[in-house]
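K.L.:
Residues per chain are reported as follows:
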Amino acid sequence: MIPARLLAAVATVFAVVTAGCGFGPGDSSEGEATIRVTRDYGSQSMVEASVSDPTESDTVIRGLDSEADITTRYGGGFVQSIEGLAGGIEGGRSFDWFFYVNGIESPIGAADVPLHGGDRIWWDYHDWSDVMRVPAVVGSWPEPLAQLSAGEDRVPVRVECADRESTCDDVLEQLATEGVAAGVKDFGRAQQTGPEAMRVLVGTWARLRADGAAAQMERGPAQSGVFASFKHTGSGWSLTVLGPDAEPAARVGRHAGLIAAVREGEEPPTVLIAGTDEAGVESAVEVLEPAELRDRYALAVGPDGAVPAPLVEGGSP
Amino acid sequence: MRSPLAYRRPSGPLADVGALAATAYFGSFALIAATFANPMVLAGAAGGIVVAGMAAGAGRALAVAVRYGLALGVVFVAVNAIASQRGETILLRLGEVPVLGRIDVSAEAICEGAILAGRVLIVMMACAVLSATVDPDRLLRLLRPVARRSALTASLITRLVPLAARDYARLSEAVALRGPAAAPVGRPAMVRRLVAGSLDRAVDVAATLELRGYARGAPGRSGARPPGRHSASFAAAGLAICAIALLAALRGVGGTEVYPGVRIDAGAATLALAVAIPLLAAAPLLLARPARREARA
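The listed protein sequences derive, respectively, from chains B and R.
Per our numbering, the very first residue in the first sequence carries number 1; after that it's consecutive.
Per our numbering, the very first residue in the second sequence carries number 1; after that it's consecutive.
Think of the hints as simulated: they come from the structure by calculation, not from any bench.
Since we're looking at a predicted model, the values are computed, not measured.
The beta-carbon is built from N, C-alpha and C at its ideal position, and this holds for glycine as well.
Hints are not guaranteed to be accurate.
Between beta-carbon pairs, the in silico distance windows are [said to hold, decoys possible]:
# : chain 1 : residue 1 : chain 2 : residue 2 : range
1 : B       : 7         : R       : 6         : 47 to 57 Å
2 : R       : 101       : B       : 155       : 22 to 32 Å
3 : B       : 84        : R       : 199       : 54 to 64 Å
4 : R       : 157       : B       : 7         : 50 to 60 Å
5 : B       : 90        : R       : 269       : 33 to 43 Å
Stretches of chain B that chain R covers, calculated by requiring three or more beta carbons in the stretch to come under 8 Å of a beta carbon on chain R [said to hold, decoys possible]:
# : region
6 : 21–34
7 : 49–63
8 : 74–86
Residues of chain R placed beyond 10 Å of chain B at every Cβ, according to the derived structure [unchecked claim]:
#  : residue
9  : 7
10 : 78
11 : 90
12 : 148
13 : 154
14 : 163
15 : 171
16 : 183
17 : 240
18 : 252
19 : 259
Let the hints inform the model, and build the full structure from the sequences given.
P.N.:
This is how it looks when you write it as structure tokens:
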């Protein structure tokens, strides 16, 4: 006779193993998942598609597969080429496909990332010889802040004001237009006491550089994933946009602003709306909208207009 | 008992075919399997091998290849269904599996596994018929100018492995004949004796080879047999199959895409290719028969 304990153990193991099992594609999640494919840090668009009401079995790779011609490697979990453009070494530099789910670089293969309604998937083919990781980007704005597909797992959004309150009010207004409900805290104080949140730091670089996440920028793009650097000159700060090789590509100069996303370890991403001075912060806030930020890893704004960061030679301005 | 894959002088025209021509002939089917994923074309290649194999009296070799190929095919299909996470027709969701991650089984992944299995099966069938119908010595003689040591090693293996199998059968027989009162002999003991015997024999073979002067280099071509009477027709058939396959591949005939959905080219050109392969394979067999009757008359 089979002991009751053994039966219970078998039933438990069976329940655990078969959790999430079923026939067919499974239930749908409402909404539209968008898939964008670009190359060279978003400078050239290749594919634009959407998947309506993705099912339980839809993954990032299945979504891409239905819209583009792809090849895979490592048992089909990783994308090797899209529309014939394959990763590899070219002229001594390494190129590959990377993808971002709602503005956050995926740490796992595309076959293991489920697709939900509202997701914004961005595939980009770029040179990663000098900067291996870009943990978060603003090119899927209002993601990563909107978290349209997160449901109840949504992380609160907190705007931290380092300088003028009126600028922060403009940021809140812009976020509200995109459906992002955010709270406000003073810069510095909330950082130590607040719960886990996605932070939007607004202020001059002179103040923001005191923040741990923002300070990664001072260690270069290989550390922060932001292809821009603030430099202190004799009379203030100036902003320089870097190229994919992490070398200076364009000097935006003074009265310049920057919108970028950084991430410290596994913490939620932090969006920086920074400027060399208050005028620079204001000019950054002015371009805080999806059309301006689309397909940008980060965006610098100067008196002569917006400059994508990194600045790719021959890419769209 | 002889292995069904062991060489036995074939019946029919294949008996008079040189090793090079036979290799070109059977190699053309392997080339088809390597080039095409289209099930119709693969079926054509399988048909060609069956025609050739049956005509040569290698039915048992074919049966063994099919049996092992199908068993391997089941593994291919199962592994591909789990490993490939592509395909739009989801049949089964297995959820998150520890270590393997998320697994969904799609009809397309199963189809890809089946196509892979089919390609492997064709190569196995071609090799089985080649092994059963072409004298391994003549086959290895082809290899000798390119890789002398490898050819010698392969020649020795083709002889010593069947010998070891026979030794094992005799040892088992001897053990069984000791009577019911004798202590049982386990498999490790049998293997130990077999290995010891094989090593003894290997030393004898090495000494014999040395005495015969193998270290001095390859012998002259005085012993080389002339190519068989039907070599030209079989070589031509093999080359024709290769040529039409490559031409068809270059022109995009027989295209097959499995992902995201299965799309198999079943157009007239693909059908023509699928039919042409077994016909070309059968051509040297059909053309050879009248010549034989004339010879008898």
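K.L.:
Hint by hint, work out which the structure violates, then give me just those numbers in ascending order.
P.N.:
11 and 19
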